[in-house]
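Read off the chains here:
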Amino acid sequence: MKENWPKIVGFLLLLAAVLAVPHFLQFHHQDLLIFLVINVLVVTSYRLVTLTGEWSLIHAVMMGVGGYTATLLFRGFELGMWFTLPLAGLVAAAIAALLCFPLFRMTQFYFLIGSFAAGEAIRLCWIEFIIPFGGTGGLSGVEPPFVFDIDFLEPIPYYYLTLAIVGLCLLILYRIENSRIGLTLHSVHWKAPLAESVGVDTWRYRALAFIVGSFFVGVAGGLKVHYLGTINPNQFGIGFMVFILIWVIVGGYNRFYGPILGVVVLTLFDESIRQFEEFRPAIYGAVLILSILFLPKGLESIPARLRSWAGGGSDREKGKLTDG
Amino acid sequence: MELFFLSIINGLIQGGFFALFAVGLVLIFGVMGVVNFAHGELVMVGAYTIWLVHAQHGVAYIPTLILAILVVTGVGLLMERFLFRPTRNDPLAGLICSIGVLFILQVIATLVGGEGPSKQVPPPFHGTLVLFEFLRIPYQRLFGLGISVLALATLWYFLTRTRLGWALRAVALDREAAALQGINITRISVIAIGVGAALAGLAGGLMAPLTNINPHMGHNVIITAFIVTIVGGVGSLSGAVYAAVLYALFHTFVTVYFGGTVATICGLILMVVVLIVRPTGIMGVRVSE
Amino acid sequence: MSFSRRDLLRASVASVVAAGSGTFSGNLLAANKTVKIGMNIPMTGDYAPWGLPGLYGCQIVADDINAAGGVSIGGDKYNIEMVAYDHGYDTEKAVQGYKKLVLQDKVKMVMMLGGSTVASILPWAQRRKMLTTTLLPSDITEKSEYLIATCESHPLYNVTGVDYLAENFPEAKTAAIVTNNDAEYGLQSAATYKAAFEANGIEVVDVNLHGFDITDFAPIVSSVLAKKPDIFCMATSFYVTPLMEQLYHQGFKGKIISCTLDFYDEIIAKTSQEFVDGTIFQFPDFDDPKLNEDIVNFPNPGDFDAKYRAAHPNDWSAVSWEYPAILLNWIEGAKAAGSVEPTDVLNALKSNSRPEFIFGGGHWWGKELWGLDNAVVGFWPVVVVEGGKARIKEFRSVSGWLKRNKDLLIKHMKELGLRTV
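Protein chains in written order, with our numbering: chain A, 1 to 324; chain F, 1 to 289; chain V, 1 to 421.
One chain only, chain A, in its complex shape (with noise of 0.2 Å):
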């Protein structure tokens, strides 16, 4: 027990860090704050996708996905957060589920190209259809809870609510990745003809990572859509998606903390570059170039990369995206 110590007075300082943040910002960081926390979870959902090896392009959808769901459900049927959240996570789901027969028949590039396909499909059908989806300019009036005197439209009781929500969904996230189950997804990935040898059905594993990635993401999509009660079409664009893309890759996936480390790093190098609004979308691209081509295992490799230049190491390894 006793090497755990560091870890957990690391852990309690975290802790003790993310709860005292909002009081110590304005009003405007705030709003950047709870967005920051839901992303988190965008982030974490995405890796679990992209362990089998399958990067897709579908998780943005995925998200709007779990945004209508919970937006229809609220101005439809009135019902309060607590039940728009499970049921935005269980329709996306049940859409990946849908989609994993198209799919998951295709691997790499073709379920790249595939799953943008699906994913614009989609999204083109949310502006088309203006019943119920509002066209282009989306839906409103949806509302935060409002309990115990409480007014969730507030940032900070809202920001403790989502950091609750998403404090469970990282834990959930957590134990799967280090379960049974966690572990064959890694065999998919890195030695999927040996995993198919001793009897692992691939299909099987890399569908179960899409659909329940895809049910956290729809559940970051209820927050996001309860927070700002507003929806519209282009919030889960291939923009999006590509800064999920940049959080990712830029903080590293080996890891779970990796994408953590990196939409918290990248949002805090946005604030700083604020005042050159215009140029944000190319900084972001050359610092996904630059991340590509100098740090291909991201920021989480940093440390082990010191530590190997400082011992004089030879082992430094050429990080890639794909294996074969």
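Just so you know, the hints here were simulated from the structure itself, not pulled from any lab data.
Glycine included, every Cβ here is placed at the ideal spot set by N, Cα and C.
Take the hints with a grain of salt, since some may be wrong.
To be verified - Here are the computed lysine to aspartate or glutamate pairs in the DMTMM-like style, where the Cα-Cα straight-line distance is at most 20 Å:
{"hint": "1", "chain 1": "V", "residue 1": "Lys-411", "chain 2": "V", "residue 2": "Glu-368"}
{"hint": "2", "chain 1": "V", "residue 1": "Lys-100", "chain 2": "A", "residue 2": "Asp-31"}
{"hint": "3", "chain 1": "V", "residue 1": "Lys-411", "chain 2": "V", "residue 2": "Asp-206"}
{"hint": "4", "chain 1": "V", "residue 1": "Lys-350", "chain 2": "V", "residue 2": "Glu-368"}
{"hint": "5", "chain 1": "V", "residue 1": "Lys-129", "chain 2": "V", "residue 2": "Glu-145"}
{"hint": "6", "chain 1": "V", "residue 1": "Lys-100", "chain 2": "A", "residue 2": "Asp-270"}
{"hint": "7", "chain 1": "V", "residue 1": "Lys-100", "chain 2": "A", "residue 2": "Glu-143"}
{"hint": "8", "chain 1": "V", "residue 1": "Lys-106", "chain 2": "A", "residue 2": "Glu-154"}
{"hint": "9", "chain 1": "V", "residue 1": "Lys-253", "chain 2": "V", "residue 2": "Asp-277"}
{"hint": "10", "chain 1": "V", "residue 1": "Lys-33", "chain 2": "V", "residue 2": "Asp-63"}
{"hint": "11", "chain 1": "V", "residue 1": "Lys-393", "chain 2": "V", "residue 2": "Asp-294"}
{"hint": "12", "chain 1": "V", "residue 1": "Lys-93", "chain 2": "A", "residue 2": "Glu-271"}
{"hint": "13", "chain 1": "V", "residue 1": "Lys-93", "chain 2": "A", "residue 2": "Glu-278"}
{"hint": "14", "chain 1": "V", "residue 1": "Lys-100", "chain 2": "A", "residue 2": "Asp-151"}
{"hint": "15", "chain 1": "V", "residue 1": "Lys-227", "chain 2": "F", "residue 2": "Glu-2"}
{"hint": "16", "chain 1": "V", "residue 1": "Lys-406", "chain 2": "V", "residue 2": "Asp-373"}
{"hint": "17", "chain 1": "V", "residue 1": "Lys-129", "chain 2": "A", "residue 2": "Asp-151"}
{"hint": "18", "chain 1": "V", "residue 1": "Lys-99", "chain 2": "A", "residue 2": "Glu-143"}
{"hint": "19", "chain 1": "V", "residue 1": "Lys-129", "chain 2": "V", "residue 2": "Asp-105"}
{"hint": "20", "chain 1": "V", "residue 1": "Lys-93", "chain 2": "A", "residue 2": "Glu-143"}
Said to hold, decoys possible - Below, a sample of chain V positions facing chain A; criterion: calculated Cβ distance under 8 Å:
{"hint": "21", "residue": "Asp-90"}
{"hint": "22", "residue": "Thr-91"}
{"hint": "23", "residue": "Val-95"}
{"hint": "24", "residue": "Gln-96"}
{"hint": "25", "residue": "Lys-100"}
{"hint": "26", "residue": "Leu-103"}
{"hint": "27", "residue": "Ser-116"}
{"hint": "28", "residue": "Ala-119"}
{"hint": "29", "residue": "Ser-120"}
{"hint": "30", "residue": "Pro-123"}
{"hint": "31", "residue": "Asn-181"}
{"hint": "32", "residue": "Ala-183"}
{"hint": "33", "residue": "Gly-211"}
{"hint": "34", "residue": "Phe-212"}
With the hints as your guide, set chains F and V onto chain A.
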């Protein structure tokens, strides 16, 4: 019936443009194994060149068109040298780098053209060819169709009748075997992306007077190019041409009878179906993975 | 038209300078207070022409007022400072910009374009009791007490153009409507045009709703022209230029009516002056001599036009004068209320049964269609292109038409699935 003929003509003209950029995408993918997500932005750069140099500064259209081709080819070559070559062994890394380029090119376009509504280029060829009272084709579109056919024919000649073209196709079929035959892969890659980018620049230059020019116009282009590429067969150049024409006709007719967004949704579904049923596309060549 | 970042910066610098010089002269005379007016509008993207030119216009009006020593409200002298945020017509950014204006900048009114961006901020407007204006009266709901539409009567004014057309070109008997498929602009406008055509006994032979991802308008126009309409009607279309171009190439000979015809010189460059001449629409240029008639409530339009064109020669659009007109409405309301507080100004404006309206004859309307009488309607100009220049032909009463044909309008709104009470 009149509408039917008119739609066929409109579909063929669209098909010419689709073929120009889809063939480029296929060429780059076939030879280098990289999906160039920024291909739509290459078309956009071509269109912006026309807007900036021809419409804003009054340089004649044809020289500007040649300039647009050169500019876009230059961008393509830079991408090859600094992005695709270092990441040659990792196709996904190349793809993600091209997404980075996409953002950078969009920002550059916004800086050059300013914010605001889409840019318009007055057509350099005014007037309309009246075949029948119901069948009228603007000269600008006719010009676009003619040049597309000419460019594709030249490409076909190059690929089937020249040694360099043979080498290019050999690399597309099997890179390692081609390398063993002593073909210089790097050189072939440079040529492939040069030709692909040049075609994208040409497509942008030809479309500029006919469409809304804005930094995000590449989005529709890349979706169309993906659909055409998949339907035609990922490695197949001739498949891409046939698929471009077929898809353009399909898109035009669905637009006429059901509406534009429906047409795009149908196209995407068509693409997913083709991917499931026949991942090698309708022209079915074996794909090197 | 092109806006550059530099223009944007210049606009914000100008606003800071105006505020600064205001306080400076204030120190010399008596200390002027400053009242901040917010704008939450698109300044980038496809909707930018319906946002940024409005900021330019307001800047000119505010500078004039401040240079003249400010405006007296309730015994105090106020300088006006404009604070504007861009939302690029994205609802997410609109909510964030709105919250910033209300909570950080403490503005007293927020001017917006309308549509989904307004719908997204409505809960905040109600909760924070913030006076908010829209150019789209169709944004009004039963619960939106703090949302008013005092200038543009979109899409209601479209009926004036149709009435003019029917009166002057009785041989035109069939019409086709083309617009983008959205519930905020296209469908609202299409429903109004349908009602106006029906009121004049003109048969609507086609309603073509297209998406926003169109790159080629040839198939759309050819499918519409195959129905052989006498009138081609663009209902608040975002694609007037490419549609006009296709009409020209496909040899359309009938009447063209459109809600807007922004940048019509660009359209003439793509087609021909003879082709564009005779097109009917609803938005005048401000050097139009008819704007000097008594009916128009805008101080010195010719002078405003000259100042505007000198500062921003290529950026004139329909909203260049609309946001300034709303700003002037607000000043009237604040003067009447003797206060700049949003609720006081709102009550003062609403209690006036004959409110100031830019083209005259204004009164509050909207309850029968949207649930609250929070829109001002009155007369509206019918504009026709003549000799390559937009000219007002006449002012027609929108309220008179509504009295006669309100039920027809509600019927067509319902038919297209739009929200009515």
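Status of each hint after checking the structure:
1. For the proposed pair Lys-411 of chain V and Glu-368 of chain V, the alpha carbon gap of about 12 Å is at most 20 Å, so the pair holds.
2. At most 20 Å may separate the alpha-carbon atoms for a hinted pair to count; Lys-100 of chain V and Asp-31 of chain A meet this at roughly 11 Å.
3. Under the criterion of a C-alpha separation no larger than 20 Å, the hint pairing Lys-411 of chain V with Asp-206 of chain V is consistent with the structure, at around 18 Å.
4. With a C-alpha separation of about 17 Å, the suggested pairing of Lys-350 of chain V with Glu-368 of chain V holds against the 20 Å cut-off.
5. Taken as a hint, the Lys-129 of chain V and Glu-145 of chain V pair is honoured in the structure, with Cα atoms around 9 Å apart against an allowance of 20 Å.
6. Distance restraint check for Lys-100 of chain V and Asp-270 of chain A: the Cα-Cα separation of roughly 18 Å lies within the 20 Å cut-off, and the hinted pair is therefore satisfied.
7. Straight-line distance between C-alpha atoms of Lys-100 of chain V and Glu-143 of chain A comes to about 19 Å, which keeps the hinted pair within the 20 Å bound.
8. Proposed proximity of Lys-106 of chain V and Glu-154 of chain A is supported: the alpha carbons are some 17 Å apart, at most 20 Å.
9. For the given pair, Lys-253 of chain V sits about 12 Å from Asp-277 of chain V by alpha-carbon distance, which is consistent with the 20 Å threshold.
10. Taking the CA atoms of Lys-33 of chain V and Asp-63 of chain V, the gap is about 15 Å. The hint holds against a cut of 20 Å.
11. Simply put, Lys-393 of chain V and Asp-294 of chain V have alpha-carbon atoms about 16 Å apart, close enough for the 20 Å limit, and the pair holds.
12. About 15 Å separates the Cα atoms of Lys-93 of chain V and Glu-271 of chain A, which keeps this hinted pair within 20 Å; it holds.
13. Annotation: proposed proximity of Lys-93 of chain V to Glu-278 of chain A holds, straight-line Cα distance about 15 Å (limit 20 Å).
14. Taking the CA atoms of Lys-100 of chain V and Asp-151 of chain A, the gap is near 19 Å; set against the 20 Å cutoff, the hint holds.
15. Pair hint Lys-227 of chain V plus Glu-2 of chain F holds up; C-alpha atoms about 11 Å apart against a cutoff of 20 Å.
16. About 14 Å separates the Cα atoms of Lys-406 of chain V and Asp-373 of chain V, which keeps this hinted pair within 20 Å; it holds.
17. For the proposed pair Lys-129 of chain V and Asp-151 of chain A, the alpha carbon gap of about 17 Å is at most 20 Å, so the pair holds.
18. A hinted pair counts as satisfied when its Cα atoms are at most 20 Å apart, and Lys-99 of chain V with Glu-143 of chain A qualifies at roughly 15 Å.
19. As the CA atoms of Lys-129 of chain V and Asp-105 of chain V are separated by approximately 15 Å, the hinted pair is consistent with the 20 Å bound.
20. A distance of roughly 17 Å separates the Cα atoms of Lys-93 of chain V and Glu-143 of chain A; the hinted pair therefore holds under the 20 Å criterion.
21. Hint status for Asp-90 of chain V: holds, given a least beta-carbon distance of 6 Å to chain A, under 8 Å.
22. Against a cut-off of 8 Å between C-beta atoms, the interface hint on Thr-91 of chain V holds, since the closest Cβ of chain A lies about 4 Å away.
23. Checking Val-95 of chain V against chain A: minimum C-beta separation of about 6 Å stays under 8 Å; hint holds.
24. Interface hint at Gln-96 of chain V: satisfied, since its Cβ lies 6 Å from the closest Cβ of chain A, which is below the 8 Å cut-off.
25. Using the Cβ-Cβ criterion of 8 Å, the hint placing Lys-100 of chain V at the interface with chain A is satisfied: the shortest such distance is roughly 6 Å.
26. The interface hint given for Leu-103 of chain V holds, since its Cβ lies 5 Å from the closest Cβ of chain A, which is under the 8 Å cut-off.
27. Evaluation of the Ser-116 of chain V hint against chain A yields a held restraint, the C-beta minimum of about 3 Å falling below 8 Å.
28. The beta carbon of Ala-119 of chain V is positioned within 8 Å of a beta carbon in chain A (closest approach about 4 Å), and the interface hint is therefore held.
29. The restraint placing Ser-120 of chain V at the interface with chain A holds, with a minimum CB-CB distance near 4 Å, inside the 8 Å limit.
30. Hint status for Pro-123 of chain V: holds, given a least beta-carbon distance of 6 Å to chain A, under 8 Å.
31. Because the smallest distance between the Cβ of Asn-181 of chain V and any Cβ of chain A comes to about 6 Å, under 8 Å, the interface hint for this residue holds.
32. Interface hint status for Ala-183 of chain V: upheld, as the beta-carbon distance to the closest one in chain A is roughly 5 Å, under 8 Å.
33. A least Cβ separation of about 6 Å between Gly-211 of chain V and chain A falls short of the 8 Å threshold, and the interface hint therefore holds.
34. Hint status for Phe-212 of chain V: holds, given a least beta-carbon distance of 6 Å to chain A, under 8 Å.
Comparing the model with each earlier hint shows no violations; every hint is respected.
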